[in-house]
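Visitor: Kindly produce the complete structure, drawing on both the sequences and the hints.
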Amino acid sequence: METADCYQVKLDVFEGPLDLLLFLIKKKKIDIHDIPIAVITREYLKYLDRKDQINLDREGEFLLIAALLIHIKSQMLLPREKDSREDEDDPRRILIDSLIEHQKIKAVSGLLKDKEEEESQRWKRSFTPPLSSPEEVELAEVSLFDLAQSFFTLMKRREQENIKLIKEKEYSLDEKMKEILDELKAKDFLDFFVYFEQQESLEEALLAFFSILVLIKNRIVVAIQEHLFHTIKVWLRKEALETKRP
Amino acid sequence: MKAQLKELIESLVFVSLEPLSLDKIKEVLEEFPEEEVEDAFLGLVESYSSNQKGIQIIQSAGGYLFSTKPEYDIWIRRLLQIERKNKLSPAALETLAAVAYHQPITQAEISAIRGVDSSHTLRGLLQKRLIKIVGRKKSPGKPLIYRTSEKFLTYFGLNSLKDLPTKEELEKILEEEQTSEEE
Amino acid sequence: MKAQLKELIESLVFVSLEPLSLDKIKEVLEEFPEEEVEDAFLGLVESYSSNQKGIQIIQSAGGYLFSTKPEYDIWIRRLLQIERKNKLSPAALETLAAVAYHQPITQAEISAIRGVDSSHTLRGLLQKRLIKIVGRKKSPGKPLIYRTSEKFLTYFGLNSLKDLPTKEELEKILEEEQTSEEE
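Protein chains in written order, with the numbering used here: chain X, 1 to 246; chain G, 1 to 183; chain B, 1 to 183.
Calculated from the structure, these hints are not laboratory results.
Every residue, glycine too, gets a C-beta built ideally from N, C-alpha and C.
Any given hint could be a false lead.
Each pair of labels, with its calculated beta carbon distance range [said to hold, decoys possible]:
hint	chain 1	residue 1	chain 2	residue 2	range
1	G	Leu-161	B	Gly-141	12 to 22 Å
2	B	Gln-103	G	Ser-50	39 to 49 Å
3	G	Lys-132	B	Asn-159	32 to 42 Å
4	G	Glu-71	B	Asp-117	50 to 60 Å
Listed next, the in silico DSS-like pairs over lysine-lysine satisfying Cα-Cα at most 25 Å (straight line) [stated by the list, open to error]:
hint	chain 1	residue 1	chain 2	residue 2
5	B	Lys-167	G	Lys-128
6	B	Lys-137	B	Lys-167
7	B	Lys-151	X	Lys-124
8	B	Lys-128	X	Lys-115
9	B	Lys-162	B	Lys-128
Guide: The structure is reproduced here in C-alpha cells:
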C-alpha cells in the first residue's frame, strides 16, 4: 500500500508539489523573489494537460497551490494602499517564505543523506564485557514517548484480561467497599472473577480488588477458593457486620 | 597496501563479536594474497604487544580479540556502573508510567497494575527523586502514597502532567507500527 | 603515570556503552588531577588522529568513541555477514531536517513546511527513536511537540546540532546551487 506521501510527484527531475513549483521557477530562471504568477499557473496547467491520468489525492495538492497562486494573483491585481507593513502583507511573501524554507529543508535532507551514508559505514563496538554484579538492563534512550508507551502497553496487557479501561469517573475505596457489601447483602456470595469482569474500567476493577482485600483484611468478608484454579467466592462474615461498621 | 591491510585487519578484530581466527581473516580478505594477510596480521599483533596501549590483542578460544588490561578493571567497572545507573530500566520506566498516569498511588496499587511486585523499583525511583511520597492513604495499613516529582517533569521536559501524551494520541502513533517500519 | 593515564582513558573509551564525554572520564578518574586527565585525554585523541590506525576516535553526540574507517565497510560487512543497512526514505530525511531546524516543532508545523501531511512519517521516526516527544505547545488543541533525540546525533555522526549548517550557511549553499544549475 502506498502511504501518506502518495501525492508526491515522483519523476526523475522533481518530486512533490512544492518542488514542482521550485522546478518551474528554476526552469524559467526567474528570481524567486519576483514570481510572475500567470506564467507559473500556465505552466502548471500545461503540466496537468500532459497527464493522461489524474490522481485526485495527488492533484489535490497541486490544486491547493494553484488556488494559492490565484489568490495571490488576485490580491496583486487589487489596488493596494501603501503602508509601512506592505512587505509583510504582500501575499507573495507567504509563498516565497515557504518556498525558501522548503528549499532549505531539501538541502539539509541531502546533507543528512550523505551523513547517513558515511555513518552507516562506520562500525562501533556495540557490546561490552558483562559486569559480575548484573544491574538492571538499561534502555537506549528514555523519552516521554517511552514513558507513555510503557504505560499504555501495560494497560493493553491488562485489557486483554477482559477488563475495559478509560472512564473518568471518580471512585473512592469507601464507596466501593459499601457497594460490595450491598451486593453481598443482596446475594449470598460474590463470584470474584464474575464481579471483576462486571467492572467498567480498569480503575474500577483495581479499586474493587483493593476493596475486597481491605474487607478481607478487616475480617468483614471471607474469600474462599474451593479448588485450585477455581473461582474465588467472597462471603460476608455474619459476625463482622454486627461488630464493625462497614 | 601493506599498511592498509594491517589497518583493515585491525578493524576486523575490533568489530568481531567473537575471537577472530587467522583463517577467518583470510577468508574475509580473499582478494589479498595469503602471505600478505599473514604478514600484516603478525605485524598488527606485534604492534599491539608494546606496553604503550590501553587495549591489547589477546588470544582466546582459537582466535584474537581486543581486550583491556586487567589492571584497569576497577575504573572500567566504575564507568560501566555509572553508565548503567544513569539510564532508567524498562521496569523503572513502567513503574514511573504507572505513577504518572495514576497518581496519587500506593505501592500495592502499582504492583497490581504492573502485575509484579514493584517495591524495589519504587525505591530506586524515590532515590532518583523522580517520585515522591506525599502522605498516607486513609485505608487499612495506611500505605504511603506516591506522586511524580518536579524532577520528573524536568527530566521529561514537561511543563505539567497535562503534557503527557494521552492514550488516544499514543494509539494514533502506535497503530501503524507495521507500515511505518517499512520506511 | 601520565602514559598509564592515557592507556587507562583508552580502555574507558573502548568499553563505554555510549559516546564517552570528558566530563564522565573525569568523574570516573576522580582520584587523578583534572588537568592530568585532560592532558592525557588530548594526547590520546591526537595519537589516534594519525592515519596509521584502522580504528579511530570520533566525536559523536557530545562524547568520544572508537569507530572503524568508512573505507573498510565492505570487509566488515562480509565478516559480520550483514547486508547494507536500511536507509531512511527521502520523506523521513526531509521530515528530520524540518524537525532539526525548527525544533521544538509540532506535527502541523512540519506538514506546513514540507507541504505534505507528515504525520505518518513522523510516526516512523518516533518508532525509530530519531525524534522524541518533549511536551505540548501552549496553543489551541495543545499539540504534542517534537525534538530530535540523542540517537539522531549518533545516527548521523553528529557531535551536536551545531554541526549542521546554520540558516545563513544554508542560504549561501542554495544561492550557489541556483547559479551552478544555470550554467
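Visitor: Does each hint fit the structure? Answer for all of them.
Guide: Against the structure, the hints come out as follows:
Leu-161(G) and Gly-141(B) have their C-beta atoms about 18 Å apart, which keeps the hinted 12 to 22 Å range intact. Evaluation of the 39 to 49 Å hint for Gln-103(B) and Ser-50(G) yields a pass: the beta carbon distance comes to about 47 Å. Distance hint check for Lys-132(G) and Asn-159(B): the Cβ-Cβ separation is about 36 Å, which falls inside the suggested range of 32 to 42 Å. The beta-carbon spacing between Glu-71(G) and Asp-117(B), approximately 59 Å, falls within the hinted interval of 50 to 60 Å.
Between Lys-167(B) and Lys-128(G), the direct Cα distance comes to roughly 39 Å. Violation of the 25 Å bound is thereby established for this hinted pair. Between Lys-137(B) and Lys-167(B) the CA atoms are separated by roughly 24 Å; this keeps the pair inside 25 Å, and the hint holds. Between Lys-151(B) and Lys-124(X) the CA atoms are separated by roughly 14 Å; this keeps the pair inside 25 Å, and the hint holds. Only pairs whose Cα atoms come within 25 Å are accepted, and Lys-128(B) paired with Lys-115(X) is accepted, the gap being roughly 17 Å.
Restraint check: the Cα-Cα separation between Lys-162(B) and Lys-128(B) comes to about 22 Å, which is no more than 25 Å; the hinted pair holds.
The structure fails to meet hint 5 from the earlier list, while all remaining hints are met.
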